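Undergrad: Given next are the chains, with one letter for each unit.
There are 2 protein chains.
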Amino acid sequence: MIEKRAVTLLSGGLDSATTLAIALSQGYEVYALSFDYGQRHSIELERADRLAKSMGAKERSTIKVDLRAIGGSALTSDIEPPKESDLSAPMKPGIPVTYVPARNTVFLSLALAYAETLDAFDIFIGVNALDYSGYPDCRQEYISAFETMANLATKQAVEGKQRTVIHTPLISMSKSEIIKTGRSLNVDYSLTWSCYDPLPDEKPCLRCDSCRIRLNGFATAGLTDPLLG
Amino acid sequence: MIEKRAVTLLSGGLDSATTLAIALSQGYEVYALSFDYGQRHSIELERADRLAKSMGAKERSTIKVDLRAIGGSALTSDIEPPKESDLSAPMKPGIPVTYVPARNTVFLSLALAYAETLDAFDIFIGVNALDYSGYPDCRQEYISAFETMANLATKQAVEGKQRTVIHTPLISMSKSEIIKTGRSLNVDYSLTWSCYDPLPDEKPCLRCDSCRIRLNGFATAGLTDPLLG
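Sequence lines, in order, name chains Y and L.
Note that the first sequence covers residues 2 to 230 in my numbering.
Note that the second sequence covers residues 2 to 230 in my numbering.
Quick caveat, the hints were computed from the structure, so don't treat them as lab data.
One or more hints might be untrue.
Note that identical chains are pooled: a pair holds if it fits in a single copy or bridges any two copies.
Okay, derived cross-link-like pairs now, EDC-like style, lysine to aspartate or glutamate, Cα gap no bigger than 20 Å in a straight line [claimed, not checked]:
id, residue 1, residue 2
1, Lys59, Asp123
2, Lys84, Asp202
3, Lys93, Glu160
4, Lys162, Glu142
5, Lys5, Glu60
6, Lys5, Glu30
7, Lys204, Glu47
8, Lys204, Asp189
9, Lys59, Glu47
In this text the structure is predicted, and so the values were computed from the model without any measurement.
In isolation and in its complexed conformation, chain Y is listed as follows (with noise of 0.2 Å):
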C-alpha cells in the first residue's frame, strides 16, 4: 500500500492526540503540525512533541504565529480563564473569554500552506462541537465552508489534481466517546495536556473549562485520567 500523506494539527491535548491516532490507523503517513502562538504556557508544544514521536508521526513541524500581537482571548493575553470549583456545575453559556480569535481558520489555513508543500490533500483536524459550542470555528459548517475555499486557494487546487478534505473525527463525538476512542487506539493520555492555566508545579489547576470538561470525560467513560494518578 502506497501510503498517502496527511497533515494533523496536534496541540498536545486530548483531542488532537486522538485524532493523530485516528488519522495513523486509516493508514496516512502524518506530518503532524504545532503552532507557537503565544499561548499561556509552552506545556502543550512539550507533550505535542513526546506524542508525535511516541506514535509515530513521519514529521513534527511547528509554526510560530504571534497571535499575542492581536490578543482578545484569555489564552493569549493576561486575562484570567475563568474557574469553577465545582465539577457538576454547567458550563457557561455562550461564547467563552478563552475563545480566540479565528484561532482555527489561522491553524487550518497554515495546515493548508504545509500541506500544499508536501503533496498532501488531507488535513486532520480535532475540532469537537459538542464541548465546544460556543466556538463558532468547531462547527460543521464553518469547516465545510473551509474546506470549499481551500479548493480554490492553492496552486494544487488550481492546477485540479485531487480535492483538499478536511478530516474532523471528533466532531460529532462526547467527549467520553472520545476517550474510548482513543484507548482503543492506544493514545497514552499521560503525555496529553488540556489545561489552561497549569499550576506553578505544572500540575492541572482542575478547576479551568479545559480541565471539567477532561474530568467529565474520564469519569463518564468509566475510566482514570492518568494525569491524576
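With chain Y held as given, fit chain L onto it using these hints.
TA: Same frame as chain Y, but now just chain L:
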C-alpha cells in the same frame, strides 16, 4: 460621520498602498496590517511603516508568521526568483515560483482575527486578478469563498452583528489603472516597493516579474516611476 474601522493589508507595495488610499478615501478609520513572514528582504516592511504614517492610517501592526518553516516558494526559501532583462518579453504562463503556498489565505485569516479584536467588519486586500492571473488566491471566486467562510468563523459572525466584507478594489484593474487611481488619491509611489530581489544597494533589480509588471504599468499610464527618478 462616525468612522467605521477597516483592516487593510499593507505589504509596502504599489497595490497595497493604493488599496490603503482607497479605504481612506471611503471614510474608513484604517488599521494597516503587515506580515513579517520570512520574506527575502525587509525593505517592504520599512516602506509599509512609512506609507501607513504618511497616509494617515490609525494604526499599523506587524504580525510575525514564520512561513519559512514551510518553504515551497522563491519568496520564502533560497530559490532565486526568475529574471528577464527583455522588458517586452511575455510573462511565463502558469503559476510562478514566487507563489507562496496559501499566502493570501494565511494573511486574510490573520486579518480576520485582527478585525475581530477591533470590532471591524471590513477587510481590504489589494489582490489583482489580471497581472497575477497565475496566483489562485487572487481570483474573485476564491475571495468570495473566503468571505463566506469568514462569516461562519468568528464570534462576531455567530453573534450576528454584521457581515464581514472582503474588499478587493483592484481586482479587475490593470496596473496602469491602479497607478492612475493611486495618483488621483495622492499616493506617493516613491515610498512603495515592488522588487522581489533588490540589488545590494537597495535598488530594484528591474528584471524580476514584479519589477517588470511595475515598469510596464507606469509606461502604459504615461508616467515615470519615481523609484527610477
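Undergrad: For Lys162 vs Glu142, is the C-alpha pair at or below 20 Å within one copy, between two copies, both, or neither?
TA: between (25 Å within a copy, 19 Å between copies)
Undergrad: For the identical chains here, do Lys59 and Glu47 meet the 20 Å Cα criterion within one copy, between copies, both, or neither?
TA: within (17 Å within a copy, 39 Å between copies)
Undergrad: What label fits Lys204 with Asp189 when the C-alpha limit is 20 Å: within, between, both, or neither?
TA: within (17 Å within a copy, 56 Å between copies)
Undergrad: Could you place Lys5 and Glu30 in one of the four classes (within, between, both, neither) given a Cα distance threshold of 20 Å?
TA: Within. Shortest intra-copy distance 6 Å satisfies the 20 Å Cα cut-off; inter-copy 47 Å does not.
Undergrad: One pair to classify: Lys204 and Glu47, alpha carbons no more than 20 Å apart. Within, between, both, or neither?
TA: For Lys204 and Glu47, only the intra-copy Cα distance (14 Å) is at most 20 Å; the inter-copy one is 44 Å.
Undergrad: Is it within, between, both, or neither for Lys5 and Glu60, if the alpha carbons may be no more than 20 Å apart?
TA: Classified as within; 14 Å inside a copy, 45 Å across copies.
Undergrad: From the Cα coordinates, with 20 Å as the cut-off, is the pair Lys59 and Asp123 best called within, between, both, or neither?
TA: within (15 Å within a copy, 40 Å between copies)
Undergrad: Given a CA cutoff of 20 Å, do Lys84 and Asp202 count as a within-copy pair, a between-copy pair, both, or neither?
TA: Intra 18 Å, inter 57 Å, cutoff 20 Å: intra-copy only.
Undergrad: Checking an output row: Lys93 and Glu160, CA cutoff 20 Å. Within, between, both or neither?
TA: Between copies only: 16 Å across, 46 Å inside.
Taken one by one, the earlier hints all hold for this structure without exception.
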